[in-house]
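Colleague: Take a look at the letters that make up each chain.
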Amino acid sequence: MRKGPGLSALSRQSAYSNSYSTLSTSISTQQIASLTESLESFKSTLIEFSLKHKKDIKDDPAFRFQFQKMCSTLGIDPLVGSTSTKGSGSGGLWGMLGISEFEYELAVQLVDICVSTREKNGGLIRVDELIHKIEKLKNGGKAMEGEGGITEQDIIRTIKILEPLKSGYKLHTISSDRYVRSIPNELNTDQSILLSLAATTGGRLNRREIKAQTGWNDDRIDLGLRDCVMEQGLGWVDEQCSNEGGGEIRGDVWIIAATVLDE
Amino acid sequence: MSINQLSTPSSSIPLGQSQTHPQISSNGNPTITINTPLRPIKSESGFEFPAIWSFPPFFTLQPNPSTLNHQLELWRTLVLKWAKYERVFEVNVDSIEIPAVFENKRIKRRLLPPSMRRLFQAMSKNGEAAPDPPKQDTKYLIYWKKPEEWGDLIHTWVMDNGLNSSIMTFYEITDGDLSHTTEFYELPTSILRKALESLVKRGKAQLLEGKGEIGEGVRFL
Chain E
1 MRKGPGLSAL SRQSAYSNSY STLSTSISTQ QIASLTESLE SFKSTLIEFS
51 LKHKKDIKDD PAFRFQFQKM CSTLGIDPLV GSTSTKGSGS GGLWGMLGIS
101 EFEYELAVQL VDICVSTREK NGGLIRVDEL IHKIEKLKNG GKAMEGEGGI
151 TEQDIIRTIK ILEPLKSGYK LHTISSDRYV RSIPNELNTD QSILLSLAAT
201 TGGRLNRREI KAQTGWNDDR IDLGLRDCVM EQGLGWVDEQ CSNEGGGEIR
251 GDVWIIAATV LDE
Chain R
1 MSINQLSTPS SSIPLGQSQT HPQISSNGNP TITINTPLRP IKSESGFEFP
51 AIWSFPPFFT LQPNPSTLNH QLELWRTLVL KWAKYERVFE VNVDSIEIPA
101 VFENKRIKRR LLPPSMRRLF QAMSKNGEAA PDPPKQDTKY LIYWKKPEEW
151 GDLIHTWVMD NGLNSSIMTF YEITDGDLSH TTEFYELPTS ILRKALESLV
201 KRGKAQLLEG KGEIGEGVRF L
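Which chain is which? The protein sequence lines are E and R, in order. Residue numbering for the first sequence is 1 to 263, as defined by full-length UniProt numbering. Residue numbering for the second sequence is 1 to 221, as defined by full-length UniProt numbering.
The shape of chain R in the complex, shown without the other chains (with noise of 0.2 Å):
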């Protein structure tokens, strides 16, 4: 199906070449070029966004429920990703200051909080992440490692470091001057409980309530 019939202006440009710039016009907004093709692009921390962060739709929750399907698993992928890099734990879906990921500068779009309200549900589906505290929709806990996993990661280097005779501080286990080279530093403690509560279940740790101005431990078993 050779479709060239078009007698319009269009076909004096160099077709569908990717070396087409196509603009973004806007009325009133100074217009956006974007290039083609479609390139990853390097954060200054080093984090790199795929090709497809820089597709204008991709900013926008998609009608069509198949190609929304796709689209959601490709933003929970990338943002599982996005956080492990930058060692982000938690997103207020409103909060002014708009995580990098889920705003794209150069094309001028962002996932809107409708939008990653949409998405934080389907990663909490999926354990992926957890509204913190349960039943609200605004504040999220990012699970790029389960809570199980950080509950192994954290009773392995209390049983490598010898630790596990003394009750330890929930502080001294994400902040004390041992962890600073562990990958559970500032683990929020949010996450830690969960994390712990997991090795409770397990029988591998036992929490102490706090007293006094000493705050909550736990004994590794």
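Only chain E is shown next, with the shape it has when bound in the complex (with noise of 0.2 Å):
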């Protein structure tokens, strides 16, 4: 633009930048609104998608990692947001699918917890010593006492939710306890018996007393006890009790999440 001789000039050019700023406004305003506009519709759009594929999406791990990059492309967080719509309380679009903020958080902290307790216990850990720690970790160390305290049934549902993710975390009732076993390795007749008889001992295994309880042979109680110490790492060993006797593995073996230990 030219500015052009004389004192005139300067007054048109102001006026020119006048109206050219009221333009740019006014196109910024409508741009914002059909912006918002758009914005709206996506969501309500997207809502109703996850409405609708629901199940897919808890069901259907593939459909579900699909979703998730989608919203990640999108920038949006399934965990935060509209909580205005709809109303399903807190937790956005996981909120809407069921699984709420609570239990999300739940989720992680149980995985926090067993992985890593995994190379004390190889793993396996009791639902209430489980339990005990989620809570002091909630509680920033200390132990929790009364309301607000997570139950077992807590823990069946988290486990749930874990279960489409595959990575094998898995509850077990061994004798009359509970316990999640966090590896995916299955646990074998043998191992799963000899779990069952530490669960009345407070977690000693002692040959004698497997022998008198199962009428297996010595070497069918060694393979036992050796997995339990060396495959899984559930088991620790105590060479210094007086019991002679074994192959590998000489000595006790204690099953650890089957000890209460009070820390």
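Think of the hints as simulated: they come from the structure by calculation, not from any bench. Quick caveat, the model's predicted, so the values are computed rather than measured. Please note that a few of the clues may not be correct.
Below, a list of computed lysine-lysine pairs in the DSBU-like style, where the Cα atoms sit at most 35 Å apart [stated by the list, open to error]: (1) R:Lys125 x E:Lys133; (2) E:Lys136 x R:Lys84; (3) R:Lys146 x R:Lys84; (4) R:Lys81 x E:Lys136; (5) R:Lys108 x E:Lys136; (6) R:Lys146 x E:Lys136.
Two independent chains are provided; combine them into the complex using the hints.
Modeller: The structure is reproduced here in structure tokens:
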């Protein structure tokens, strides 16, 4: 734009710039309005979509993965957001799908505890110990008292949520105790029997007692104990017990998950 | 996977509850009862041993490498905490008098010398202990404070008390009248030397050879 000569050019100049800025404001207002509108409609479409495919999202890991990918491409975190719409309480899209923030948080904490104690217990932990540790975690190191506690039912539900991840989190009942197993490694029958024995002794497995209870021969006992210690990492060896014998593993074996440690 | 198919006497025991009192039966020895849940134990001096210290296999180094890793980590933490509490600076692995942390008399378990060696080797690797004299594996210094940390502590103390103008003997630093209330009171000479050497390296002190009856001295800068 040419300024042109003379005083009048100055006022003409300011008039031009004024009208330009008015125009630009009105254009951006329009754009924002239309953008908001399309976002609104997009949001409702997304919600509609996720509700319509609720079952698929929940049941089909591949579908859920694609859905999550789509959300992250769009910059949407399915865990936060639209609390205003449909009023499904907290938890954004997942919330609408029936996974509440509480359960999500619990799942993360459950995985945290299971993974961080794996070296010690071989990936097997008693449910009550797990609950105790999660409560401590939630409570910043102190044990929780009274209300707000986590129940066994919560853990069971959380394990179900984790199931589609195929990471092997499973609930086991051994004798009358419930355990969470966080390694997809299957326990064979003999190991399971040894665990159920350990559950009645505070964790200790002793060859003579195993023999009396199961009638297994020495080789079978040795192999079972060896697997518990070397393969699964469930058992700790006590070589200083005065029980003689043993093959590769000498002494008693303690299944640490079955021993109650008051920490 | 429910496995209650054992038709054995065990089914008459109240199942798997924490109230069960498993017996450590032993041939010949009187039976030791282990009460579960295993709880932390306070020693006479007031140090609290963690619950795992009452877990019998804790005193056997584990054959499973990943369990062993975890176990050594627990031991290292425990030994440092204990040594700090009791102000223990040196341990002799073969000593007849077993340091309290390495033996749990209630459950009749102890960490045997070969296991202790292994533990101290692991601690030395982490700078938490050191063989003293070097190149042997019986006597170890425990670094619940590292030599550099001791050095800093001594240096600050010297400066705070205006002792930097004079030359001090080793004895004056660790056993002198002024140091009674300090954390490095009765610090063994071997650790003190390492602490001072770390100060020398950083240009904060100067070591002076002893002459005749007067022992080694140090000048702080």
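Colleague: In ascending order, which of the hints set out earlier in this document are inconsistent with the structure?
Modeller: No numbers; nothing is violated.
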